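Once you've looked at the hints, dock chain S against the given chain V.
Protein sequence lines correspond, in order, to chains V and S.
Add 1254 to a position in the first sequence, counting from 1, and you land on the number used in this note's numbering.
Add 88 to a position in the second sequence, counting from 1, and you land on the number used in this note's numbering.
Certain hints may be false.
[As the list claims (entries may be wrong)] Computed list of lysine-lysine pairs in DSS-like fashion (alpha-carbon distance at most 25 Å, straight line):
{"#": "1", "chain 1": "V", "residue 1": "1325", "chain 2": "S", "residue 2": "330"}
{"#": "2", "chain 1": "V", "residue 1": "1339", "chain 2": "S", "residue 2": "95"}
{"#": "3", "chain 1": "S", "residue 1": "95", "chain 2": "V", "residue 2": "1381"}
{"#": "4", "chain 1": "V", "residue 1": "1325", "chain 2": "V", "residue 2": "1341"}
{"#": "5", "chain 1": "V", "residue 1": "1493", "chain 2": "V", "residue 2": "1508"}
{"#": "6", "chain 1": "V", "residue 1": "1381", "chain 2": "V", "residue 2": "1392"}
{"#": "7", "chain 1": "S", "residue 1": "249", "chain 2": "V", "residue 2": "1325"}
{"#": "8", "chain 1": "S", "residue 1": "249", "chain 2": "S", "residue 2": "330"}
{"#": "9", "chain 1": "S", "residue 1": "138", "chain 2": "V", "residue 2": "1339"}
{"#": "10", "chain 1": "V", "residue 1": "1381", "chain 2": "V", "residue 2": "1399"}
{"#": "11", "chain 1": "S", "residue 1": "282", "chain 2": "S", "residue 2": "138"}
{"#": "12", "chain 1": "V", "residue 1": "1341", "chain 2": "S", "residue 2": "330"}
{"#": "13", "chain 1": "S", "residue 1": "138", "chain 2": "S", "residue 2": "283"}
{"#": "14", "chain 1": "V", "residue 1": "1281", "chain 2": "V", "residue 2": "1325"}
{"#": "15", "chain 1": "V", "residue 1": "1444", "chain 2": "V", "residue 2": "1392"}
{"#": "16", "chain 1": "V", "residue 1": "1341", "chain 2": "V", "residue 2": "1281"}
{"#": "17", "chain 1": "S", "residue 1": "95", "chain 2": "V", "residue 2": "1341"}
{"#": "18", "chain 1": "V", "residue 1": "1281", "chain 2": "S", "residue 2": "95"}
{"#": "19", "chain 1": "V", "residue 1": "1281", "chain 2": "V", "residue 2": "1339"}
{"#": "20", "chain 1": "V", "residue 1": "1325", "chain 2": "V", "residue 2": "1339"}
{"#": "21", "chain 1": "S", "residue 1": "133", "chain 2": "S", "residue 2": "282"}
[What the hints assert, rightly or not] Partial chain V-side listing against chain S, Cβ under 8 Å, derived:
{"#": "22", "residue": "1330"}
{"#": "23", "residue": "1334"}
{"#": "24", "residue": "1343"}
{"#": "25", "residue": "1348"}
{"#": "26", "residue": "1373"}
{"#": "27", "residue": "1375"}
{"#": "28", "residue": "1518"}
I should point out that these hints are in silico values taken from the structure, not numbers from a laboratory.
Computed from a prediction, not measured in an experiment: that's the story for all the values here.
Positions of the beta carbon are idealized from the N, C-alpha and C atoms, including for glycine.
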Amino acid sequence: MEIATGETQYTVSEDIAGIVLSVQNLKVTYGNFIAVQDVSFSVHGGEIFGLLGPNGAGKTSTLSAIEGLLKAAQGNIFIAGFDTKEKPLHAKANIGVQLQATSFQPELTVDEVLQLYAGVYGVSLSKENRARLLYDIKLENAATKRFGQLSGGQQQRVSLAIATMHQPQLVLLDEPTTGLDPQSRRQLWKRIEEMRNRNHAILLTTHSMEEAEAVCDRIAIIDHGRIIAIDAPEAIIEKHRNDPEVISASRKGKITLEDVFIGLTGTAIRS
Amino acid sequence: MSTRLPKRSVAAIALLRSDFITQWRNRRSVILVLLVPVIILISWKGVVAKMGAPFVLSNCITIGLTAIGLMGYSNALARDRDRGVFQRLRVAPIPNSLILLSRLAVQMAMIILLTLVVFLVAYENLHISLTAGAYLLSLIAAFVGGALYLGLGQMIAGLQKNAETVNATTRLVYFVFIMVGMFGELGLLGEQLKKIVHWSPYGTVRTIVAAAVQPANWSTDTSFALLVTIGYSLVFALLGIKWFRWNTK
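In isolation and in its complexed conformation, chain V is listed as follows (with noise of 0.2 Å):
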């Protein structure tokens, strides 16, 4: 869709293998709580990249300190060139977050949450825009709806449309199909796939192994706050296709992903 900007335009790189996130020896803490200890990475444009883990495996801490929420104890952080520590201001007009719970005010209307965030992310929506944003997420009836009032599936629709309304070039989403129905989810993974292919770098965490498997170019398994594989999800079927774990953990006799995941990281429960 096409959003009518106002002086303050964004413009999403052209380079497919161009690195537009760049994670480097990242350790975030928690008081003596070490959360995320040596993580580096990179998301490319293009590229729908997945950070899975157990519960409390480092992945929103990783989240977090990507969105400049929390402060890297060590490590830098890139976004489109621009270092989080230097230049957070410009690092953050760079992202589209959707955030593990949808956080707009509730009492406010949907086109009034549209014209505040079009507001803090320099955007300049008419109302001929907004009506069609809305459209084009299937809310064309919402806009004068508390966002309060919305299903948990139609709040998630506006926080993406939120997300990507100042065209970034990187999109952050946390557990973004957690609360979804099957349909929701469908269309949402489609959206998803559809910035892929308008060429967003897309970093999300997930505990759908099969979405993952699905969607994502390539995975990275965080648990106790350390990556312990990065690859394509296939490639990292294949390398640890026969590793004992991974076979006792396989119960359909075909290894998927989740086996993985569960020779990976264990079958303990997580907090």
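Quick look at chain S alone, frame taken from chain V:
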């Protein structure tokens, strides 16, 4: 690769607009904040003759300011932090200070509204009218006093993560300020407490508002009260902003 940041003025207008709309949609709580000083003002009709209009008006405005800073502002901060509203705004390319300044601007508007409502009710029901200068000075004093309570609200909401704890703390502080403040200033709780209350956040604000209502009564004591009020405001605001916990984890 070029990246231009959004204009601060455009972002500020968008934030202000949404914060004012949110405040308007929560107008029931706004009415409740205004109702307490109005009820006290009407019920204190007989006190005006004994203690004078400045005493009554300054108490009502101070109580209203306390409610705005402690009950309104701090709880709104805690509630929106709980909902993740701040988290979402903080990942946008705007400085954190802009988010808080927009919130404060809404509260400043609330202070103007409160002061006007108190003066209007005082005029209509108690036939109290002031000079134009006194009205203006009272408004300025209300701003200064309001800053103290907004700072205190900021500190309480900033240093505690849990919205329920913030709510309970502000209620307690509000109750203590009103009860101890009002009765202490009257000397009903003893001379020692009267002195303490006089230099407490409640007392200093009431002193400057009372002097603003009747500018001829401005004294050295009032000037000291003004300085102490500014001092309190700075300390509370600095603590509340520096150690503000943006998320609940």
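Going through the hints against the structure:
Taking the CA atoms of residue 1325 (chain V) and residue 330 (chain S), the gap is near 15 Å; set against the 25 Å cutoff, the hint holds. Proximity of residue 1339 (chain V) to residue 95 (chain S) is assessed by CA-CA distance (about 21 Å); at most 25 Å being required, the pair is judged to hold. Distance hint between residue 95 (chain S) and residue 1381 (chain V) is fulfilled; the C-alpha atoms sit about 20 Å from each other, no more than 25 Å. Under the criterion of a C-alpha separation no larger than 25 Å, the hint pairing residue 1325 (chain V) with residue 1341 (chain V) is consistent with the structure, at around 14 Å.
Restraint check: the Cα-Cα separation between residue 1493 (chain V) and residue 1508 (chain V) comes to about 14 Å, which is no more than 25 Å; the hinted pair holds. About 16 Å separates the Cα atoms of residue 1381 (chain V) and residue 1392 (chain V), which keeps this hinted pair within 25 Å; it holds. A distance of roughly 18 Å separates the Cα atoms of residue 249 (chain S) and residue 1325 (chain V); the hinted pair therefore holds under the 25 Å criterion. Restraint check for residue 249 (chain S) and residue 330 (chain S): satisfied, since their Cα atoms lie roughly 14 Å apart, inside the 25 Å limit.
Note on residue 138 (chain S) and residue 1339 (chain V): the hinted pairing is violated, with a Cα-Cα distance of about 62 Å set against a maximum of 25 Å. In summary, the hint linking residue 1381 (chain V) to residue 1399 (chain V) is supported, as the alpha carbons are separated by about 16 Å, within the 25 Å threshold. A threshold of 25 Å between alpha carbons decides the hint, and for residue 282 (chain S) with residue 138 (chain S) the separation of about 19 Å falls inside it, so the pair holds. The hinted pair formed by residue 1341 (chain V) and residue 330 (chain S) meets the criterion: a straight-line CA distance of about 21 Å does not exceed 25 Å.
Under the criterion of a C-alpha separation no larger than 25 Å, the hint pairing residue 138 (chain S) with residue 283 (chain S) is consistent with the structure, at around 21 Å. Between residue 1281 (chain V) and residue 1325 (chain V), the direct Cα distance comes to roughly 9 Å. Compliance with the 25 Å bound is thereby established for this hinted pair. Annotation: proposed proximity of residue 1444 (chain V) to residue 1392 (chain V) holds, straight-line Cα distance about 14 Å (limit 25 Å). For the hint linking residue 1341 (chain V) to residue 1281 (chain V), the alpha-carbon distance of about 19 Å falls within 25 Å, and the restraint holds.
As the CA atoms of residue 95 (chain S) and residue 1341 (chain V) are separated by approximately 16 Å, the hinted pair is consistent with the 25 Å bound. Proposed proximity of residue 1281 (chain V) and residue 95 (chain S) is contradicted: the alpha carbons are some 33 Å apart, above 25 Å. Restraint check: the Cα-Cα separation between residue 1281 (chain V) and residue 1339 (chain V) comes to about 14 Å, which is no more than 25 Å; the hinted pair holds. A hinted pair counts as satisfied when its Cα atoms are at most 25 Å apart, and residue 1325 (chain V) with residue 1339 (chain V) qualifies at roughly 9 Å.
Between residue 133 (chain S) and residue 282 (chain S) the alpha-carbon distance is near 23 Å, which keeps this suggested pair within the 25 Å criterion. For residue 1330 (chain V), the interface hint is violated, since its Cβ never comes within 8 Å of a Cβ in chain S; the closest pair sits about 18 Å apart. Below 8 Å, beta-carbon pairs count as interface contacts, and residue 1334 (chain V) has one with chain S at about 6 Å; its hint therefore holds. Contact between residue 1343 (chain V) and chain S, as hinted, is supported at the beta carbon level, the nearest pair being about 5 Å apart and thus within 8 Å.
A cut of 8 Å between beta carbons decides the hint on residue 1348 (chain V): the least distance to chain S is about 6 Å, and the hint holds. The interface hint given for residue 1373 (chain V) is met, as the beta carbon of that residue sits about 2 Å from the closest beta carbon of chain S, less than 8 Å. Hint on residue 1375 (chain V) holds. Least Cβ distance to chain S is approximately 6 Å, under the 8 Å limit. Taking 8 Å as the C-beta cut-off, the interface hint given for residue 1518 (chain V) is violated, the closest approach to chain S being about 27 Å.
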